[in-house]
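If you read the sequences in order, they're chains H and R. Residue numbers are given in my numbering: position 33 of the first sequence equals residue 51, and the series is strictly consecutive. Residue numbers are given in my numbering: position 196 of the second sequence equals residue 719, and the series is strictly consecutive.
Think of the hints as simulated: they come from the structure by calculation, not from any bench. Each hint should be verified, as a subset may be incorrect.
Residues of chain R clear of chain H, computed beta-carbon distances all greater than 10 angstroms [unchecked claim]:
#1 VAL542
#2 SER578
#3 VAL732
Ranges of calculated distance between the beta carbons of each label pair, as one might list FRET restraints [unchecked claim]:
#4 R:ARG718 - H:ASP56: 25 to 31 angstroms
#5 H:ALA41 - R:LEU611: 54 to 60 angstroms
#6 H:PRO40 - R:ASP785: 29 to 35 angstroms
What you are looking at is a predicted structure, and each value in this text was computed from that prediction instead of being measured. Even for Gly, the Cβ is constructed at its ideal location relative to N, Cα and C.
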Amino acid sequence: MNRDQLLEILREATVGVLGCDPAAVKPEAHFADDLDADSLALVEIIMAVEDRLDIQVPEDELKDVRTVGAALDLLEGKVAA
Amino acid sequence: MSGGLAVAGLGLAAPGRTVTNADLAEVLDTSDEWIRSRSGIGERRWASEGETTASLATEAIASALKAAGRTPDEVGFLVLATCTPDQLLPHTGAAVCDALGIRCGSFDLHAACAGFVSALVTGASLLPTAPGPVVVCGVERLTQILDPDDRTTAVLFADGAGAAVLEPGDGALLGWDAGTDGSLRELLEVPVGGRFIHMDGGEVFRRAVRIVVDSAIAACERAGVAPDEVDVFVPHQANVRIVEAARSRLGIPAERTVVNLDRWGNTSAASIAIALAEADAAGRLHPGNHVLLSGFGAGMTWASALLRWS
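Start from the sequences and build out the full structure, keeping to the hints where you can.
The structure is reproduced here in structure tokens:
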């Protein structure tokens with residue numbers, strides 16, 4: 019799975035949880051500042067991605083994720099693993 | 524599994540102090556908006572001076588017995604769920620029996636936020652051979668293990684009690700599910716040697732959503748009832764976002780889901796009992812309804828029950 023496909027899955031999950039504009043979910047977008055997502059919303063988004071991809075992302079690895087791009091980096095590592 | 528269970532009466536006890544988010548914002552680095560958006564809580568009840576776990580339980584049980592048209596001396600057994608007893612020895616049920624003036628069998632049950640559902644399932648299994656109605660009670664005075672300076676927990680947890688009187692009747696416990704994953708104990712605990720609750724909120728949130736969904740589905744399957752046939756869903760009132768995430772995954776509409784944590788906060792073992800009592804008082808429970816209860820919390824421990832209401 020390439021990065022664009024992952025971004026699409028992350029975008030769908032993010033829109034599903036936040037109800038935001040899909041176009042706003044881009045790698046440089048900051049979850050808190052640009053998408054108005056708090057820490058629990060980020061957990062919910064990652065849960066939706068986990069369900070789609072059958073992967074697990076521990077909570078402590080999410081703590082430093084601030085942007086969509088950082089989430090993509092994290093997910094790429096999980097999918098490749 | 525079926526046979527002859529009626530919830531003949533429900534009652535609750537609301538502690539004396541109503542503490543709003545604004546009250547907490549005066550003493551903690553927090554705000555009404557922060558608390559509401561992350562938890563759904565607007566205010567909670569905290570015990571006043573002199574209110575104990577036993578006194579709250581006694582008040583809720585007396586109210587439930589009155590609703591059932593029973594007197595305390597008729598009670599056949601008392602199962603009391605709490606993780607915040609007034610004393611380590613004897614059990615809280617002893618003080619409650621004394622306050623009610625009764626001498627029936629009793630024990631305390633500790634299954635954290637799954638306590639009330641665990642007590643209900645236990646009480647239902649005692650009932651067929653009990654010498655009288657079985658009273659099940661969920662009660663907490665969580666303020667005794669709350670760090671008043673910890674804004675991640677002080678805003679969430681609260682005090683209260685709820686009770687139910689179980690009797691033979693036309694309803695039934697159609698199915699239940701319970702489980703424990705003790706490898707997750709550190710996510711929500713009073714650490715050994717410590718006094719206060721410590722919680723890894725994000726991980727508890729994620730685990731809780733998955734646990735509620737899996738456990739609720741398991742209880743429904745054992746009952747032979749599909750989740751969309753649930754008429755009233757009473758989840759543990761931990762956090763409105765857990766409730767919302769679980770409810771939507773189960774496909775249970777919001778209008779069938781009981782939420783009262785905006786006024787109560789998280790009262791652990793008491794929450795489902797209080798929510799059930801309030802739903803009953805509001806006329807939301809009708810004969811023949813499929814009522815799904817689902818508790819989850821520290822341990823992590825969970826318990827769900829599917830009742831046919833009578």
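Check the following: the C-beta atoms of PRO40 (chain H) and ASP785 (chain R) are separated by a distance inside 29 to 35 angstroms.
32 angstroms, holds
Beyond 10 angstroms from chain H, beta-carbon-wise, is VAL732 (chain R)?
Given a closest Cβ separation of 7 angstroms, the condition is violated.
Beyond 10 angstroms from every chain H Cβ - status for SER578 (chain R):
35 angstroms, holds
Does the Cβ-Cβ separation between ALA41 (chain H) and LEU611 (chain R) fall within 54 to 60 angstroms?
59 angstroms, holds
Return holds or violated for the Cβ distance of ARG718 (chain R) and ASP56 (chain H) against the range 25 to 31 angstroms.
With Cβ atoms ~29 angstroms apart, the hint holds.
For VAL542 (chain R), which was marked as not at the interface, is the minimum beta-carbon distance to chain H over 10 angstroms?
22 angstroms, holds
Checked against the numbered hints given earlier, this structure breaks only hint 3.
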